[in-house]
Amino acid sequence: MSALLETKGIKKYFSTPKGMLHAVDDVSMTFERGTTVGVVGESGCGKSTLGRTIIHLLESTAGQIIFEGKDVTHPTGKELFKLRQDMQIIFQDPYSSLNPRFTVEETLKEVLLRSKRATRKTVDKEIERLMDMVGLARRWRMAYPHEMDGGRRQRVCIGRTLAMNPKFIVCDEPVSALDVSIQAQVLNLLEDLQKEHDLTYMFVTHDLSVVRHISDNISVMYLGQVMETCPCEELFERPLHPYTQALLSAIPSTDIHKKKERMLIKGELTSPIEPEPGCRFAKRCPYVCDECDKPQQLKEVIDGHFVLCHKADKFVSC
2 MSALLETKGI KKYFSTPKGM LHAVDDVSMT FERGTTVGVV GESGCGKSTL GRTIIHLLES
62 TAGQIIFEGK DVTHPTGKEL FKLRQDMQII FQDPYSSLNP RFTVEETLKE VLLRSKRATR
122 KTVDKEIERL MDMVGLARRW RMAYPHEMDG GRRQRVCIGR TLAMNPKFIV CDEPVSALDV
182 SIQAQVLNLL EDLQKEHDLT YMFVTHDLSV VRHISDNISV MYLGQVMETC PCEELFERPL
242 HPYTQALLSA IPSTDIHKKK ERMLIKGELT SPIEPEPGCR FAKRCPYVCD ECDKPQQLKE
302 VIDGHFVLCH KADKFVSC
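So the sequence shown is numbered by this note's numbering: it starts at 2 and just counts up by one.
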């Protein structure tokens with residue numbers, strides 16, 4: 002597989018009265034064509050900001066974004082218009098991301114005509130094609146967002162995204178606002194669409210059971226940095242970073258006969274405003290030592306398994 006998109010040392014800082022907030026700090030990722038990279042972490046870790054920076058809803062502070070072998074970190078007006086078609090996003094809340102005054106038809110028509118994906122003569126057929134593609138019955142064509150449930154609204158949002166015929170989609174917690182039964186339907190839809198159209202996803206979520214279902218690779222973020230990244234099953238079978246281990250220990254088990262030890266995270270949170278050079282998880286880590294005060298680098302401890310911890314080699318043998 003070839004890399005569709007790469008980020009190299011991406012940073013996104015925000016100015017605050019107390020200093021620079023390091024929302025995303027030196028993140029490097031590779032998105033292989035036709036695969037899904039899951040990005041997980043607790044609220045405020047920077048995963049959504051990373052996705053929005055990659056697709057230029059936010060402009061990066063530093064680093065590089067490489068799309069199809071071309072540097073698109075600072076695109077011109079025409080380049081940005083093309084990127085808007087190739088790189089899209091599905092937002093978390095389908096209700097707030099839809100215009101309440103637009104019907105389903107008007108929502109899809111606006112995108113198709115503005116992007117010139119359809120003409121006045123062909124737009125009706127394109128609308129029907131998109132509705133069929135996302136599994137939305139045509140009888141909802143003249144419905145407004147408030148007349149539909151969350152699952153149908155999210156299908157409209159997915160249809161609007163697909164109207165641009167994108168290659169890369171940031172899925173920003175697209176099922177967290179939905180009922181569990183509807184979540185499974187939307188996840189299956191996203192997987193089917195990926196296979197049919199060779200789509201590449203960045204799937205942002207805090208739900209580890211969801212990310213395991215849909216991802217090929219997983220990156221775990223904490224306070225703007227990637228703590229661990231590796232193939233999906235490898236992460237669940239052999240988590241190496243203490244933060245990842247704590248996250249996985251919190252997943253409920255259905256086996257009532259298997260006793261599961263919960264790894265509780267204690268200690269205060271490191272401030273993301275002008276953080277110190279050392280490990281940002283050190284104040285909450287049970288294995289903290291003097292070496293943790295030094296700058297940390299992602300290192301490959303097993304083939305394809307990268308960890309931001311100087312003790313990672315020792316955890317492999319544990």
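The reader is advised that the hints may include incorrect statements.
[Stated by the list, open to error] Computed spacing ranges between beta-carbons, pair by pair:
| id | residue 1 | residue 2 | range |
| --- | --- | --- | --- |
| 1 | 65 | 270 | 25 to 35 Å |
| 2 | 234 | 274 | 47 to 57 Å |
| 3 | 29 | 101 | 38 to 48 Å |
| 4 | 114 | 148 | 21 to 31 Å |
| 5 | 3 | 303 | 19 to 29 Å |
| 6 | 16 | 232 | 33 to 43 Å |
| 7 | 264 | 138 | 43 to 53 Å |
| 8 | 94 | 65 | 43 to 53 Å |
| 9 | 138 | 196 | 31 to 41 Å |
The hints are simulated quantities; they were obtained by calculation from the structure and are not laboratory data.
For glycine and all other residues, C-beta sits at the position ideal for the given N, C-alpha and C.
Are residue 264 and residue 138 spaced within 43 to 53 Å by their CB atoms? Holds, at about 46 Å.
Verify the CB-CB distance for residue 138 and residue 196 against the hinted window 31 to 41 Å. 23 Å, violated
Is it true that the C-beta distance of residue 114 to residue 148 lies inside 21 to 31 Å, as the hint says? 23 Å, holds
Taking 43 to 53 Å as the stated bounds, is the beta-carbon spacing between residue 94 and residue 65 within them? The hint (43 to 53 Å, Cβ to Cβ) is violated, given that residue 94 and residue 65 are roughly 31 Å apart.
Distance restraint hint 38 to 48 Å, applied to the beta-carbon atoms of residue 29 and residue 101: 39 Å, holds
Quick one: are residue 3 and residue 303 within 19 to 29 Å, going by C-beta? Between residue 3 and residue 303, where Cβ atoms are some 24 Å apart, the hint holds.
At the C-beta level, are residue 65 and residue 270 separated by a distance inside 25 to 35 Å? Given about 30 Å between the Cβ atoms, the range holds.
Residue 234 and residue 274, beta-carbon distance inside 47 to 57 Å? 37 Å, violated
State, for the Cβ atoms of residue 16 and residue 232, whether the hinted interval 33 to 43 Å holds or is violated. At roughly 37 Å between Cβ atoms, residue 232 and residue 16 fall inside 33 to 43 Å, so the hint holds.
Comparing the model with each earlier hint shows violations of hints 2, 8 and 9; every other hint is respected.
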